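Please build the complex by placing chain B on the supplied structure of chain A, with the hints as guidance.
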Amino acid sequence: MLMTKPDAAQAIQENLTIAGRSYRSRLLVGSGKYRDLEETRAATEASGAEIITVAIRRVNIGQDPGAPNLLDVVPPSRYTILPNTAGCYTAADAVHTLKLARELLDGRQLVKLEVLGDQRTLFPNMPETLRAAETLVKDGFEVMVYCSDDPIQAKLLEDMGCVAIMPLASLIGSGMGILNPWNLSLILEQAQVPVLVDAGIGTASDAAIAMELGCDGVLMNTAIAGARDPIRMAHAMRLAVEAGRAAYLAGRMPKRFAASPSSPMAGRVPAL
Amino acid sequence: MMEIELNGTPHMILISQTVYGLIATLDLLGMRLAVAVNREVVPPQLWPQRILKELDRVEIVRAIGGG
Chain A
1 MLMTKPDAAQ AIQENLTIAG RSYRSRLLVG SGKYRDLEET RAATEASGAE
51 IITVAIRRVN IGQDPGAPNL LDVVPPSRYT ILPNTAGCYT AADAVHTLKL
101 ARELLDGRQL VKLEVLGDQR TLFPNMPETL RAAETLVKDG FEVMVYCSDD
151 PIQAKLLEDM GCVAIMPLAS LIGSGMGILN PWNLSLILEQ AQVPVLVDAG
201 IGTASDAAIA MELGCDGVLM NTAIAGARDP IRMAHAMRLA VEAGRAAYLA
251 GRMPKRFAAS PSSPMAGRVP AL
Chain B
1 MMEIELNGTP HMILISQTVY GLIATLDLLG MRLAVAVNRE VVPPQLWPQR
51 ILKELDRVEI VRAIGGG
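Top to bottom, those sequences are chains A and B. Reminder that position 231 of the first sequence reads as 231 in this note's numbering, one-by-one numbering, no gaps. Reminder that position 2 of the second sequence reads as 2 in this note's numbering, one-by-one numbering, no gaps.
Isolated chain A (complex conformation) (with noise of 0.2 Å):
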């Protein structure tokens, strides 16, 4: 159980603060791809995350207005939902779904800009992406923004005032993990906002190793909702997560050529 976690772990515990609030959980996660919302509902519930993706959709006409709706299932009351501009190839058609995004959530600030670039690779459109920022930026939105691992088109980014810069692992939906981890180091030791790994992952260890990089958070999707088990991986996740990010924190030791003995050499048994 949470409550009965021992001392020493709530000591080492550190919040994840973004536009200045603060989050327990490093894990965010999408809300598509799922076999139904109930599913939706029991894999956010077991990631433990509390910021959670949606996208901005025109409604069918002629919908029933009972049917279960996505945020029925992850309520705003109890979530930081975080509107996106999945689908988005303009910066000005980014910045009019996040308006629309603005007015459904209550004026809430806070969203994913991604702007893609073409649909074999879902890239982000790098020039697009700075002028949709600078926009909303501007607008009085805190952007969490979806980046190429590029750490000059990331400083840019955080130049201009984005909240968080999100790379690419690898591309989106693809579960291919991290590619380049030293291009995200290059964008960690310089980045002073919160820098998160948004898409690519595909398994637990993927997660991990974004963590012992010392990024702050991971973003995913399809690595959960497209597992076999979701909650299973939802699970596995948030636990990946929270050790990578404790690795992190504690330091591993060297990598050394040869081999180091665990156990003393003096006071061995001889066997005569």
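By construction, these hints were calculated from the structure, which means they are not laboratory data. Since this is a predicted model, take the numbers as computed values, not measurements. Quick reminder that beta carbons are idealized off the backbone N, C-alpha and C, glycines included. A few of these clues could be false.
To be verified - Covered stretches of chain A, going by a simulated chain B footprint (3 or more residues, C-beta under 8 Å): (1) 26–34; (2) 67–75; (3) 81–95.
Unchecked claim - Calculated from the model, a selection of chain A residues having no Cβ within reach of chain B, i.e. all distances over 10 Å: (4) Leu16; (5) Gly20; (6) Glu38; (7) Glu45; (8) Asp118; (9) Asp150; (10) Gly175; (11) Met176; (12) Gly202; (13) Gly214; (14) Arg256; (15) Ala271.
Only chain B this time, still in chain A's reference frame:
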């Protein structure tokens, strides 16, 4: 009657229908929605007074699952 564009498709409404009237006609009242007319967000408190014009482009959106 007059034609507007509703979520990308042509839609017939009564002349001088308000945004509120449109939402009510569509049986969408009570849902958590956001509305834009001609790419400009119309907050709920303005729905009753915002009168739609012919060929206005109306978007009605909601939150759905997404990553």
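Evaluated hints:
1. Residue count for the stretch 26–34 of chain A with a Cβ under 8 Å from a Cβ of chain B: 5. That meets the three needed, and the coverage hint holds.
2. Counting residues of the stretch 67–75 of chain A whose C-beta lies closer than 8 Å to any C-beta of chain B gives 3; at least three are required, and the coverage claim holds.
3. Closer than 8 Å: that is the beta-carbon criterion, and the stretch 81–95 of chain A has 4 residues meeting it against chain B, so the requirement of 3 holds.
4. Annotated as non-interface, Leu16 (chain A) keeps its C-beta farther than 10 Å from every C-beta of chain B; the closest such distance is 19 Å.
5. Separation of Gly20 (chain A) from chain B is adequate, the least Cβ-Cβ distance of about 24 Å exceeding the 10 Å criterion.
6. Remark: the non-interface label on Glu38 (chain A) is consistent with the geometry, its nearest Cβ contact in chain B lying 12 Å away (cut-off 10 Å).
7. Every C-beta of chain B lies more than 10 Å from that of Glu45 (chain A), the closest at about 15 Å, which supports listing it as non-interface.
8. Residue-level check passed: Asp118 (chain A) sits 18 Å from the nearest beta carbon of chain B, beyond 10 Å.
9. Listed as outside the interface, Asp150 (chain A) is consistent with that label: its C-beta sits roughly 22 Å from the nearest C-beta of chain B, beyond the 10 Å cut-off.
10. Taking the minimum C-beta to C-beta distance to chain B, about 12 Å, the non-interface status of Gly175 (chain A) holds against the 10 Å cut.
11. Met176 (chain A), annotated as away from the interface, keeps every beta carbon of chain B farther than 10 Å; the closest lies near 15 Å.
12. The claim that Gly202 (chain A) lies off the interface holds: its Cβ sits roughly 14 Å from the closest Cβ of chain B, which is beyond the 10 Å cut-off.
13. Its beta-carbon lying about 23 Å from the closest one in chain B, Gly214 (chain A) satisfies the requirement of being farther than 10 Å from that chain.
14. At roughly 40 Å from the closest C-beta of chain B, the C-beta of Arg256 (chain A) stays outside 10 Å, upholding its exclusion from the interface.
15. Against chain B, the non-interface label of Ala271 (chain A) holds: every CB pair exceeds 10 Å, the least being about 62 Å.
In this structure, every one of the numbered hints holds.
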